[in-house]
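2 protein chains.
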Amino acid sequence: MSLPFTATRAILRKREGLEHPDGEIESLVSGLLDGSVADYQMTAWMMAVFFKGMTVGETTRLTRAMLGSGSELPSWGGGSRIVDKHSTGGVGDKISLIVAPIVAACGLRVPMISGRSLGHTGGTLDKLESIPGYTVHLEPARFMRIVDTVGCSIAGASQEIVPADRRMYALRDVAGIVESVPLIVSSILSKKAAAKLDGLVFDVKVGSGGFSSDRERARLLGQRLVETGTLLGMRCEALLTWMEEPLGAAAGNGLEAAESIRFLRGESVAGDLIEVTYEVAAAMLRVSGAEAEDDARLRVRDAVQSGRALERFEAMVRAQGGDTGVIDDPDVLSTAPIRLEVHSPEPGFVQGVRARAVGEIVVDLGGGRLKADDSVDPGVGVWFHARSGDPVEKGSILAEIHARDLSEARTAASRLLAAYEFGPAAPVRVPLVLETIVPDPSATAADESMRPSR
Amino acid sequence: MSLPFTATRAILRKREGLEHPDGEIESLVSGLLDGSVADYQMTAWMMAVFFKGMTVGETTRLTRAMLGSGSELPSWGGGSRIVDKHSTGGVGDKISLIVAPIVAACGLRVPMISGRSLGHTGGTLDKLESIPGYTVHLEPARFMRIVDTVGCSIAGASQEIVPADRRMYALRDVAGIVESVPLIVSSILSKKAAAKLDGLVFDVKVGSGGFSSDRERARLLGQRLVETGTLLGMRCEALLTWMEEPLGAAAGNGLEAAESIRFLRGESVAGDLIEVTYEVAAAMLRVSGAEAEDDARLRVRDAVQSGRALERFEAMVRAQGGDTGVIDDPDVLSTAPIRLEVHSPEPGFVQGVRARAVGEIVVDLGGGRLKADDSVDPGVGVWFHARSGDPVEKGSILAEIHARDLSEARTAASRLLAAYEFGPAAPVRVPLVLETIVPDPSATAADESMRPSR
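These protein sequence lines map, in sequence, to chains A and B.
Residue numbers 1 to 454, in the working numbering, belong to the letters of the first sequence in order.
Residue numbers 1 to 454, in the working numbering, belong to the letters of the second sequence in order.
Note that these hints are calculated values from the structure, not bench results.
Hints may be right or wrong, so weigh each one.
[Stated by the list, open to error] Below 20 Å or equal to it, Euclidean Cα-Cα: the simulated SDA-like pairs (lysine to any residue) are:
#	chain 1	residue 1	chain 2	residue 2
1	B	Lys-371	A	Leu-12
2	B	Lys-371	A	Thr-6
3	B	Lys-371	A	Ser-36
4	A	Lys-394	A	Asp-323
5	A	Lys-196	A	Ser-80
6	A	Lys-196	B	Ala-38
7	A	Lys-196	B	Glu-139
8	B	Lys-371	A	Ser-80
9	A	Lys-371	B	Ser-36
10	A	Lys-371	B	Lys-371
11	A	Lys-371	B	Glu-360
12	B	Lys-371	A	Lys-394
13	B	Lys-371	A	Leu-340
14	A	Lys-394	B	Thr-8
15	B	Lys-371	B	Gly-389
Assemble the whole structure, with the sequences as input and the hints as a guide.
Below, the structure written as structure tokens:
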């Protein structure tokens, strides 16, 4: 660009809906970190991005600039491909705990840097920390060694790994700029790309319990994640999956860890959880570049049925200091002192259980966070016995509340009952994977036109 | 509102295009001053206002909240009405210096709190400070005493008078949020309303040298100023006036002060300056509530021709410590050591002189500011001998550059020549006052619908 960089000029450019020239986004990000761009300029720019959007090219440059603000992992040694998945967050979404060992058992390496629960959605790290001794705080060298030897590791991000993302996210959170597609894309991808992945699968949750009830908007996010991830050199796929009802039978950290172990043990599991988990795992095999569609599904099922996925899970827990006794007896993860059954008030069929309400109930039981520094109780949550499609009698057990005391349990029980919907006939079953988004092979720079973010 | 105030919630509400409930805007403004609302939240909110606009009701509440952040002037004693005018800023716009004493001579009181030049537009305070000894720094009590005794005073705002506006404007300036109609309206009106006016006239400049070349946008600003000012209890009118060419013969601080004095002395003056000045002065009489349309124009002309306006100007200069000798000999204000004539390269008629270019030439001669803390040279500027409509021969004097040195004068001369446009015939003369905006008597709360600011 001809004029020297100023943050004010950059803000005005985006405010007027123009594309940033090379170097301008990079200067905004480096300026935020060195103090030459003020926080109040960054939020003004991000709010302009909210209204005016960014091209895929701009989003890619922003992601690279954020990535460049930290220390990426060192390069991986030769060997099998490196893949990961990212979920936009849902209720009962314990897929990460299950697919990491499955995909490791299929011979790939999965360096999964995960997050914590916030608001009504759960967090993978909190679920794993319900296993006594399991640590999510790993030095990069140890994290990579576990991935190389076990095939997978699930841990938290170190402070150094993308400081620009931490700063920008903290500002977005308090300045009302969370819901911007290009800012979401760059936040997700900067953290994932720091792990030098070959392939990455996105699970974009559609519905009131997930990213957005607006399927168009969810599709746009999926497309942007795939397009931008591809420009960053990763093979990408995005699945749009339904999140109107909690996924699986458990919601709550320890209960979900227990359900994940049961899944890997091949025990009876909720069909919806099997459906989405297998699709995500198969997509991870596909983005590794090695697998055809049908082969991927077969190998995923075989990894579970043979017990090899459970073995990888056990090896990961052991490598990260966790008590592997939970694998033989997942019930020890149900530590809440109070259990209260919720009974059906009428006969009929469950039409649905509102996911967002369940997420909020778990938070209020002590199992989630409203603020980033809240602590979580691993034992509390809800175990479902009847979900959508299930027939019930008056008095049937719908679910079991796990709580710290009876008063909280009773409040949760009445709210949970209100989250249930009943009807005279079984609802029509819909597939949970709504669509799969793969890179558009005809995409060129000309497609990087300005599209508003919403 | 039911939920307690948080800045994040307020930002989200505006971002989604909703109207702020009572108290929310007030909490944003008071929070900015007490530190509970961060600068980075304020800029995010103001950028959302840029995109989503504010209703007249919201703008009024914002203005009141800003006003409440400082110390208004004490109430005026009984006597004549209190009126003022505000210009959005133009090139050669010395109207304030002339109308204040005219309106004072018509028996009203004019407490005019003015600003300084910034960018290509001039500032009233800088023009007055070219008069040796004239001070614009007056304690409120002295300012009011001068207004009460002389009839007018032109001075700068004290630090205490609307601190919220100072904070918000400083943020808007560096965060690229200057051009938002509701934020402009509240900034202007909070400062003007602090002087407890009965009536207020807005001179909104249309054209590349003024607020906006987009007449619709200028009209929107004028309408919003009138509507909001009316809700704040003032009688208001807005004039949209043309600003494609500098107003009058002089551009530059001392030269403009000299031209203003010549105007008040009844000496030969540029017709465009007479046209707009008389209209603004007449509008000020009208908003005082005392005058019918025709009477106002007659009284304005009589105030000048009788010498009473000049007398008021002299009394104001004396009261503010200025050397009244400049009134007998305005030429002493032309202090620049170098004068360079600019000659016409061809015969024909001047079609126009681009105002914005002239404004930038004056800044580069040292007579304006690019940053708020630049100092200005009172002597430099341009004196025009030929402007649009004037016939010229090859070699006729078009203008005289007043400069600090020959090199700067030559640069200015060649740029000034480029700002002239010539043609074979006189251009069609257009009225400079494009329209007058008065309060809509049928306006109700129902008209306060959400309209985007641009």
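Hints versus structure:
no. : hint                  : result
1   : B:Lys-371 - A:Leu-12  : holds (18 Å)
2   : B:Lys-371 - A:Thr-6   : holds (14 Å)
3   : B:Lys-371 - A:Ser-36  : holds (18 Å)
4   : A:Lys-394 - A:Asp-323 : violated (41 Å)
5   : A:Lys-196 - A:Ser-80  : holds (13 Å)
6   : A:Lys-196 - B:Ala-38  : violated (37 Å)
7   : A:Lys-196 - B:Glu-139 : violated (65 Å)
8   : B:Lys-371 - A:Ser-80  : violated (59 Å)
9   : A:Lys-371 - B:Ser-36  : holds (18 Å)
10  : A:Lys-371 - B:Lys-371 : violated (42 Å)
11  : A:Lys-371 - B:Glu-360 : violated (51 Å)
12  : B:Lys-371 - A:Lys-394 : violated (76 Å)
13  : B:Lys-371 - A:Leu-340 : violated (68 Å)
14  : A:Lys-394 - B:Thr-8   : violated (45 Å)
15  : B:Lys-371 - B:Gly-389 : violated (35 Å)
Hint compliance for this structure: hints 4, 6, 7, 8, 10, 11, 12, 13, 14 and 15 are not met, and every other hint is.
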